[in-house]
Amino acid sequence: MHEIYQLASGILVWVALIVFVGGTAGRLIRMAITARKKDAVIYQYFSFYYALRSILHWIIPFGSMSMRARPAMTLVAFIFHICLIITPIFLAAHVILIAESWGIGWAYLPNAVADIMTILVILGCLFFLLRRIVQRDVRYLSTPGDFVLLLVVAAPFVTGIWTYHQWSGFEIAGIVHMLSGELMLICLPFTRLFHMALFPFTRGYAGSEAGGVRRARDW
Amino acid sequence: MQQRESWDWTAGTREIGDFGAWRTTYGYMEEPHVSEDGEKIAAIVRAEEEAYTVCVNGRPWENTFDKVWYLRFTPDHRPVALVSDTAMWTVAIDGTSWQNWYEFVWNTRFANTASHVTIAAQKELRYFVVTDDTPWQNEFFSLNHLIVSPDGRNAAAVVQNTTFPEADIGKFQEGCFTVAVNGEAWPEQYVNAWELDFSGDGRHVAAEIRTSLYDYTIAVDGKTWKKRFPCVWAPRFHPADNSVTAPVKIPGGWSLARNEEIIWNRGYKQLWHHMYSPDGSHIAAVAAPEFGKWTIVEDDRAWQARFNEVVTDAVYSPDGNRIACLGKSNEKWYIAVDDRIWDVALDMAWQPVFSPDGSHVAAMAEKNGSYTIIIDGKPIGQEFTAAWQPVFSPDGTRILVKGVLPEDQGGKYCRQVLEVERVAS
Amino acid sequence: MKTSEDFQAAAEEKRIYDAGIEEGAKKLTPEKIRSVFNELMQTEGGARLEAYTKACVHCGLCSDACHHYLSNDRDPRFSPAGKVKQTIIEIVSRKGKVDADFMKRACEIAFTECNLCRRCMIYCPFGIDVAYLMLFVRRACHQLGVVPQYIQDTAHSHAATYNQMWVRDDEWIDTLQWQEDEARDEIPDLRIPIEKEGADIFYSVIGPEPKFRAQLIYQMAVIMHAAGVDWTMPASQGWDNSDMCMYTGDSEMTARLKKIHFEAALRLKTKRIVMGECGHAFRSVYDVGNRLLGWKMPPLQMIHAISFYSEIIEQGRLKIAEKFDRPVTFHDPCNIVRGRGLHETARYVINQVCTTFIELEPNREHNYCCGAGGGVINCGPPFKNKRVQSNRVKADQLAAAKKKGAEVVIAPCHNCHGGLEDIIRHYELGLELKFLGDILYECIQKE
Ligand code: HEM
Ligand code: SF4
Ligand code: SF4
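Chains as they are written, first to last, in the numbering used here: chain G, 1 to 219; chain U, 1001 to 1425; chain B, 2001 to 2447.
If you are wondering where the hints come from, they were derived from the structure by calculation, not from laboratory data.
One should not assume that every hint holds.
Stated by the list, open to error - Under the rule of at most 16 Å between Cα atoms (straight-line distance), these lysine to aspartate or glutamate pairs were calculated in the EDC-like manner:
# : chain 1 : residue 1 : chain 2 : residue 2
1 : U       : K1123     : B       : E2171
2 : U       : K1067     : B       : E2182
3 : B       : K2404     : B       : E2361
4 : G       : K38       : B       : E2039
5 : U       : K1412     : U       : E1015
6 : G       : K38       : B       : E2361
7 : B       : K2259     : U       : E1015
Stated by the list, open to error - Which stretches of chain U does chain B cover? Using the computed rule of at least three CB atoms under 8 Å from a CB of chain B, they are:
#  : region
8  : 1021-1031
9  : 1106-1120
10 : 1208-1220
11 : 1309-1322
12 : 1409-1416
Claimed, not checked - Label-pair restraints from in silico Cβ distances:
#  : chain 1 : residue 1 : chain 2 : residue 2 : range
13 : G       : A32       : U       : P1356     : 53 to 61 Å
14 : B       : D2200     : U       : I1093     : 30 to 38 Å
15 : U       : G1358     : B       : D2200     : 33 to 41 Å
Ideal Cβ placement from N, Cα and C applies to all residues, glycine included.
Looking at chain G on its own, in the form it has when it is part of the complex (with noise of 0.2 Å):
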């Protein structure tokens, strides 16, 4: 129990950060690099202007005629993203932590406050997980992997929470939640979650394509 323990939050935090940071960024430029052999022609019409124009309508929520069409999707998904990308990185938790460790800090979270935003992680997934099992064209999409995927992010919330509450069996869940957590970082690069990375780039892209030469909207 120790031993996993201090593995968990001793050197595989930092095997995970590592991997999380090579990993994402060793696949970006490896993905640059064929993109100067194989489309070169990307760069050339890539403008930084039609980029941020598209991918702005993209991140403000209800910006796109497409989230307009789906209000509970894009809620959701605003709300689960922002959440889920806010809370581990403000929690008093983390910060407290990290400022033990590493002597740097910034401002954390209220903990009630941070209590919702997990619970509405949660959700989110819960959301997104039921829309895999009814929404007929979107069941048709799923993969095994991406039901295994929602677990995989829904758990280091879970468990966060579970522990942080110290109902029962919350050492297990401290464990698991680690664990969990590093997973999670671990495999952002080589999965689905990698389209954290590619939005600015494949929605740029778009944008520069459809700003600059087609000259038309792509929102």
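With the hints as your guide, set chains U and B with the ligands onto chain G.
Chains U and B with the ligands alone, transformed into the frame defined by chain G:
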């Protein structure tokens, strides 16, 4: 053939055929054409209701036709047009039509220095070529890409020698097209054949072909190169040894192949319109060393100059030591000679012309709707409402400029002979 | 997923016989598929392919963008990502180890169930270009020789004649002269200037114009005449700006066709290319063929007829004698609206020429495809019913405009015309279909 030496090279301006006046006598007139020596100006005009003819230096041809189109001048300065009467077509030269009439004629071709006239013709949906009123012995299901040899005596075209039912994609892919030279088809058939080239002596023909939907190569006199490429462009014969080169696509881009062996080391994003210097010692081509950047490459070495839109009309000087071309960047045309871009931005430009010793270059250009001639980078000062390619005198000291003067200067057509030194210095 | 089997079964039932696909597939072996596909992946399967397939989160937000999906009772196989899943994802993940039957199905999907209209691209949060992926599948189909018969025949026509319709060089010129003759009955001095070197404008059309719709050339000649434009058309090949090779995946031919088209305009020393009312041709010249040849943008300015009309009206060169007084609606063609943003330009022209304009909903960049584009209509009779059924939403959209009073649909694109004509007939919509040029010709002062 009239030699250039015998043209009128007296310095000065001479009006021809009171173009300004006869232009108003016809209710309908098309754009004029001018003979190379500048002595004749001609246009298609309506002589009377529904009858058309050609007016040369103010005098109409005696014959009129139901239709007249594609008026041009032969290299020996005779006006030639494609004419029709009672729905049949033929060629009329100097107002006299050929004996044989066809259901349609087009693609008037002549060699640069010879008097022969060649056309493509169709009768009863069979296709063939006619040179100087003599049709080919054989007819084909279709005919494209007609060319003539440098002496104008031989003609070659891509022909379809096998029919296939509509939408029969299998038969098409077996190969139904080939090349016919003076009416004789090569035995081998290809999926496609496109641009052709005659050797300097007119005895050999090379063709750009595709032997399947995926395999491109070159065939010379009916014999196909063994190697296949993902793509090729038009082949050219070496002027002396009759070897054949063509731009070919290879994994690293485009390169040049001679008799199927790659002879250039660099790969270009694009490489086409290659040409030999007159003695065959150099090869130049239009190329894009990088995506969207165009230039001239000579013997696998690219110029420093780059154009971001297009490079066209490259030409070697007669001694093979210089190259001139047109380039376009940011919507403006420029003239470039030996890697130097002339400092005049133009709305349009025509292929540059070298003096016989290569020391001077002239080009016709259009800017703000009027035409002028630029010699060695300097406009001659006279503007025209229409102009034609300038010609240097054989000794290179004079230049013949042909143009229609602006309305406020009388609107007349004149030929001017200028002293090159005086304009260029 | 279990349910997908039902859809698969339904697909088996409806399998359409196409000689090109069937005969092509007969020649396939698993080894050939694998080697051709892997070679293609090596040479052309780059970062875009990877990013698009990897970024997709299987969220289905693109589904509703696709008229095939909406028209086929939301059958998920027709959703954009669903088509990707059934084709490219499958081949890539199996490293090309798929059989001939798989390729037949992939071919049918890529060629007849996607119009490459790119509507889904503006509904996907990641801007995933499903059209690009379907074109990649088509490219593989081309290299494997499994392509629907009719569009392959069209590609053959392009290769043999440099035009789409097996039009011979003499037929082309003859058609121009015939139209000039006809037009001279109306306007005695009218001319269709053939091979006029140094003209301002090089006017190019698509193969079907001289073949089936020669009156469009007539009308354009009248418009040019009325506006006093200095224009020309070539007597050589290169007059046809269309390009089905772009849609069969034969990129080498696409490049060749665009080269000959640009070179005809350059040879004639014209300053601009004006293209007739066609969408796919515009796409091929504007941002496909030029790129394949190494040109970042077209080497000389080229504009669609809509921009040209708008320009000559704005400059006062074209005068409207009497406005078109029947209520019109406007179908935004994908390739010049999502493809070139000409929606407002088109509306400007319509408002100048027509009294009553009723919008289709949705419109502009969000308009639904006609169902014919992307070479789908060119796959010919075997797929016609499927194509018309696969665009029921278009019928609904048109019917709604009719309810608001529209009598005439303007579609400035040949493919759209073909597609909408079939839809209007099949769904008995009772709408009239016109090109913008038809209306201009009717309404302008001709002398
Ligand atoms: C910045 C970091 C991001 C992270 C960590 C992240 C993470 C996630 C996770 C965990 C899911 C649910 C998992 C699943 O359904 O399989 C998800 C779903 C989704 N994400 Fe992101 N995401 C990020 C950025 C983005 C961005 C920038 C976009 C683009 C707008 C985006 C669009 C989506 C969409 C549309 C879904 C819904 C998928 C579904 O229906 O399940 N994400 N994201
Ligand atoms: S038809 Fe249009 S919307 Fe449908 S998948 Fe193809 S590109 Fe996307
Ligand atoms: S909207 Fe985009 S990410 Fe979502 S399923 Fe469609 S293609 Fe994939």
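Now the hints, each set against the structure:
no. : hint                            : result
1   : K1123(U) x E2171(B)             : holds (12 Å)
2   : K1067(U) x E2182(B)             : holds (13 Å)
3   : K2404(B) x E2361(B)             : holds (11 Å)
4   : K38(G) x E2039(B)               : holds (13 Å)
5   : K1412(U) x E1015(U)             : holds (7 Å)
6   : K38(G) x E2361(B)               : violated (39 Å)
7   : K2259(B) x E1015(U)             : violated (41 Å)
8   : 1021-1031                       : holds (count 4)
9   : 1106-1120                       : holds (count 3)
10  : 1208-1220                       : holds (count 4)
11  : 1309-1322                       : holds (count 3)
12  : 1409-1416                       : violated (count 0)
13  : A32(G) x P1356(U): 53 to 61 Å   : holds (54 Å)
14  : D2200(B) x I1093(U): 30 to 38 Å : holds (31 Å)
15  : G1358(U) x D2200(B): 33 to 41 Å : holds (34 Å)
In terms of the numbered hints stated before, the structure departs from hints 6, 7 and 12, listed from lowest to highest.
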